[in-house]
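S.K.: Residue strings, one per chain:
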Amino acid sequence: MKDNLILKKEALQKLIDDLLKDGVRVVAPVRAGRLVEYAPIKNHSEMVRDYINPRNAFKEFLFPQTEPIAEYRALKKGVELDGVLPKALSTVVIGSRPCDAACTASLRSVFTWGADDDPERYSDDFFTKRDTQTTVISIACLKGDEDCFCTTVGIRPDGEDGSDILLKETVKDNFMVFPSTDKGKDFIKANKKFFVNGGEDLKEIEYPQVIKGIEVDAVKRRLKKTDIFDDPVWEALAGKCIGCGACTFSCPTCHCFDIVDELSGYEGRRQKNWDACQLEYFTLHASGHNPRNIQPKRWRNRFLCKFHIYPTKFSSTGCVGCGRCIRVCPVGLDITEVMEELSADTK
Amino acid sequence: MKNREKLLRDKSRELLEKKEVDFIIGYVWGRDKKRVCPAFIKSVEEVENLVWNPMCVNNLTLYYTRKYSDVRAMGRPAIVVKGCDARCINVLIQEGQLKREDVILLAMPCEGVAYRQELYKGELTIENASPKCAVCDVNNPPLYDYVVGEKVDGNTLKASKSIYDEIGKLDETSQKDKWDFWAGHFKRCIRCYACRQVCPLCYCERCIADKNSPQWIDTSRSLQSNFAWNMVRAFHLVGRCTFCGECDRACPVDIPLNLLNQKLSLTVKENFEYRAGYDGEGHPPLIVFSPDDKENFIK
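Top line first, the protein sequences correspond to chains A and B.
The working numbering numbers the first residue of the first sequence as -15 and each following residue consecutively.
The working numbering numbers the first residue of the second sequence as 124 and each following residue consecutively.
Read the hints as simulated data drawn from the structure, not as lab findings.
Watch out, some of these pointers could steer you wrong.
[To be verified] With a Cα cut of at most 27 Å, we get these calculated DSS-like pairs of lysine-lysine:
hint: 1; chain 1: A; residue 1: K26; chain 2: B; residue 2: K301
hint: 2; chain 1: A; residue 1: K127; chain 2: B; residue 2: K141
hint: 3; chain 1: B; residue 1: K334; chain 2: A; residue 2: K196
hint: 4; chain 1: B; residue 1: K334; chain 2: A; residue 2: K281
hint: 5; chain 1: A; residue 1: K281; chain 2: B; residue 2: K157
hint: 6; chain 1: A; residue 1: K113; chain 2: A; residue 2: K127
hint: 7; chain 1: A; residue 1: K167; chain 2: A; residue 2: K(-2)
hint: 8; chain 1: B; residue 1: K244; chain 2: A; residue 2: K196
hint: 9; chain 1: A; residue 1: K(-7); chain 2: A; residue 2: K177
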């Protein structure tokens, strides 16, 4: 244990203020009314420690809800068009949860296609530049709330995936430091005055219970069958869905966007805005036909995306078990109840 | 409470057995009784799942608006309603959205529901009750086909202050402070439209927020377009909102929409002596033209 690194509570505060002094954008959980949310902070004192999981995913600092991708002006003759370069601020996320950190791998697989030597490789500049500029320092959870289900989808409350550095709370209220990427190791090297060698006992973690009756592999197997598309299960389980975007916009792995032109006078901006497959007009065709004409079909898409499309197309996980979609749903649609139903692989 | 739940099940069973209705729109437990959810009960066997308790927060009249063609296709429903929910049925009738005979109302005399389900820990108090309950005057529903169980003795929550005090306080602040107050809240809006989707009176065939030629309201998340969206929705509810409080409850970022909508309801009451949803007669004042209008500009 002696060889391990420790970040003392006071050192974390100093580290934050030091980063802020250097102009780094520090994103941390802060209190916002009755909620806690990830937001850029101006001082270490804004960061809260008694939270389960902020209401938003820190995804929005890698892939903002609204971002301009081009600007244009109508001239007397023709149009002048300028691309907008992504504003990738040097960012440190402190206090993210391991489930949220795990989602970065999923987002990377959507925004960058193909291996490095693949001629058809595609890399989204906006996401990638921000991702490169961002260091994720997670704090392992000590417990979950009744909607947390990370362990059910194979993620641990002290998992390292997606974090550059994982901090685990010690009984003395300090942190044991576990760098898991080169970026994380470089970060520690660059800020080594804040870290000390040593070892302290860790606080005990209360793992969220794996939900009995759910077997993610069985869900995936069931979703592979072609008859699942028209299965009455969707109407039965998602008939109450009211078609808002609360789940989608709170989800750390949802990544769909729309591109719109917003004009003001003779100038305009082309914006990339989050979109949600739960909204009625997401799939409306110009002809007027809507292939997902009723809500259960839209909800089916959300579920298929997480547990079928993501794993088969990107071999990454589409659901990290953060529980946000359950907490925000106005009609109590619980994704784990659907997972349980579909785990009964009887057909 | 338990007795009312049993009576609700009995009546629902009877309605289904006599084929008076095709299904019941009611409340059931989610897994492990963590929360209460809306459900469509289509068979007598499922009737035992129906529940009634202070976690029954949703306004179920939502599901019989034209947004839900698939639910409407299921036939004639009996809807479990609280007094506040029943007021929406009145507005929907006034606005030609349904006929009274289209639905059977299983009206629940109600002593209040939780503001948010997770706040309820077995006892309803003024602290965890919905703000609408503190000022409720429809504990015994004004509209019903069947009243389930004994009537209750009106509002027993004994609130010392209410949402109207909060509105009064906000009224007294300066224009700048009001702007800052609402800007502070609207900047959080993530444009998920949960407020719209959960509202039984937001039934437009195509919402102005979804119209894109022209694009009346930008879809970008900016203070300007967030203001535009929230103000447009509030204006569209003036004189129609029945204070079911669902938009406020559903908001994932905690925007106090009750304050906005009830401020407008108060204004309508002061100017037109009108409160929405107390009967199915007439029309909400802001959707009719009257030659007797006391304002001259309209003539």
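S.K.: For every hint, state whether the structure bears it out.
M.R.: Do the hints match the structure? See the list:
Restraint check for K26 of chain A and K301 of chain B: the C-alpha separation of about 25 Å stays at or below 27 Å, so the hint holds. Proposed proximity of K127 of chain A and K141 of chain B is contradicted: the alpha carbons are some 51 Å apart, above 27 Å. With a CA separation close to 45 Å, the supplied pair K334 of chain B and K196 of chain A exceeds the 27 Å bound. As the CA atoms of K334 of chain B and K281 of chain A are separated by approximately 22 Å, the hinted pair is consistent with the 27 Å bound.
Restraint check for K281 of chain A and K157 of chain B: satisfied, since their Cα atoms lie roughly 26 Å apart, inside the 27 Å limit. Of the pairs offered as hints, the one joining K113 of chain A and K127 of chain A is violated, with about 33 Å between alpha carbons and a cut-off of 27 Å exceeded. For the suggested pair K167 of chain A and K(-2) of chain A, the alpha carbons sit about 20 Å apart, so the restraint of at most 27 Å is met. Between K244 of chain B and K196 of chain A the alpha-carbon distance is near 25 Å, which keeps this suggested pair within the 27 Å criterion.
The hinted pair formed by K(-7) of chain A and K177 of chain A meets the criterion: a straight-line CA distance of about 14 Å does not exceed 27 Å.
In this structure, the earlier hints numbered 2, 3 and 6 are contradicted, and the remaining ones agree with it.
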